[in-house]
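Those protein sequences? They're chains A and B, same order as listed.
Anchor point for the first sequence: position 44 equals 44 in the numbering used here, and the numbering is continuous, going up by one each time.
Anchor point for the second sequence: position 211 equals 429 in the numbering used here, and the numbering is continuous, going up by one each time.
No lab work stands behind these hints, which were simulated from the structure alone.
Warning: the hint list may mix true and false statements.
Simulated crosslink set (DSSO-like; lysine-lysine; CA at most 30 Å straight-line) [said to hold, decoys possible]:
#, chain 1, residue 1, chain 2, residue 2
1, A, Lys158, B, Lys390
2, A, Lys177, A, Lys158
3, B, Lys390, B, Lys231
4, B, Lys390, A, Lys177
Simulated DEER-style distance windows between Cβ atoms [said to hold, decoys possible]:
#, chain 1, residue 1, chain 2, residue 2, range
5, B, Ala335, A, Arg131, 23 to 33 Å
6, B, Arg430, A, Leu12, 24 to 34 Å
7, A, Glu60, B, Arg348, 47 to 57 Å
All residues carry an ideal CB built from backbone N, CA and C; glycine is no exception.
Residues per chain are reported as follows:
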Amino acid sequence: MDWDWTYTGDILPDLLDGLRLTVTATVLGYLIAVVLGLVWTLLRRTPSRVVNGAVRWITEFIRSTPLLVQLFFIYYVLPTWGITLGALTAGIIGLGLHYSTYTAEVYRGGIADVPRGQWEAAVALNLPRPRVWFDVILPQAVRRVLPTLGNYLIAMFKDSPLLLAINVTELLAAAYKAGSHSLRFLEPITLVGVLFVLVSVVSSILVRLLETRTHATD
Amino acid sequence: MTDVLDAYPQLLKGAWITVQLTLLGSALALVLALAFGLAGTARSAWVRALNRVYVEFFRGTATLVLMYWFFYALPLVGLRFTPMFAAVLSLGLNIGAYGAEVVRGSVRAVPRAQYEAAVALNLTPAQRMRRVILPQAVALMLPPFGNLVIELMKGSAIVSLITIGDLTFRAKQIQNSTGETLWTYVAILVLYFVIAQVLQLLVRLAERRVDRILGRRPGRARRRARAVAAEVGG
């Protein structure tokens, strides 16, 4: 079977529609991951041992079980509790929740890297607790870990095809649909692969640039 | 809940396939990681380029896309894989690319003086790699490898989408036959968690063993090293 360029042109609009959903899911999921990850990290630093231990086990559990199963859980189990979510919403929440446990580790590392003197200075200046976190510690910690956070955006983008399992017509699902109409899978799936490699390679170059810049400002 | 527990033979069968996929995929990934990772430390620019192409390409593709490609697209050009083979191949190729970066980084992290000492002792390049550099690099590789094995195990859940009867696949079957959505998913999430914890434990044991072999912890090896040093010094 040879590569058919006219067919490739025909399915391209469908694939781009799919790509739009993929990007939406990735970006919104990432927003959840970035915020929720910070929440996990801050909760782990509360003095309460119960909260600390609970958060530790919850994040460990989410991190070491497959995203696909978590998506099924959100999509099939939550409705039995009366919470019905659309497929895309469930996908976004799943992606965000799963990756929040990774970003939590990233933040933790970044906060641990902030020199002790910064904490001591903040105490000496008698700064209130919220100001210590939001004006002294976090700005320094987050700047250090920006490239790592960027890498997780790429990783999330590459996990977004899993959303096809809960009926989101993202890029790969769109390609599969196009292929099953004509029974030609070679062009659509190859195209998806190429799109993924292109986006990931370009974005990892961007992350590397970001990395050199962060090192330069240090 | 009892319906789900009654289906335990199915769950165990699924878990066994997940474990098989993890082992086979890790074996393939390890071979690829070593081959391409060492290629990344080679002197020849061409060999290093080979490493870059492999790593950038397979780190860049989504495993599921790769698996679909092997399973749906390649048969159309005459290459037909069994689902299991397509699954192991795509998991191994993907994790192998991450592993190659780990191998390359670890080999380069071995102190320069170790190379120089090996050269001064007139070891052949093969001896230098096998007896001096690799044993030390392995100690650095193990913790990231442990994370990668768990990533692979988690990633293997997607094989259910190309009709392999792994844990996730069985869950959907049990969900359909019993209607117990909640307990089915709770059961397999817990099973996945247990598998991950066991893998983590094994990696930690391996780390301890390698550390002991290298004499990095106070053990027999280090005491012997000190005794040798005392004799030579004295």
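For each hint, the structure was consulted:
1. A/Lys158 to B/Lys390: This hinted pair holds, its Cα atoms lying about 24 Å apart.
2. A/Lys177 to A/Lys158: 19 Å, holds
3. B/Lys390 to B/Lys231: Holds. B/Lys390 to B/Lys231 sits at ~14 Å (cutoff 30 Å).
4. B/Lys390 to A/Lys177: 22 Å, holds
5. B/Ala335 to A/Arg131: 23 to 33 Å: Roughly 53 Å apart at Cβ, these two residues miss the hinted range, so it is violated.
6. B/Arg430 to A/Leu12: 24 to 34 Å: Cβ of B/Arg430 to Cβ of A/Leu12: about 58 Å, so the range 24 to 34 Å is violated.
7. A/Glu60 to B/Arg348: 47 to 57 Å: 37 Å, violated
When held up to the earlier numbered hints, the structure conflicts with 5, 6, 7 and fits the remainder.
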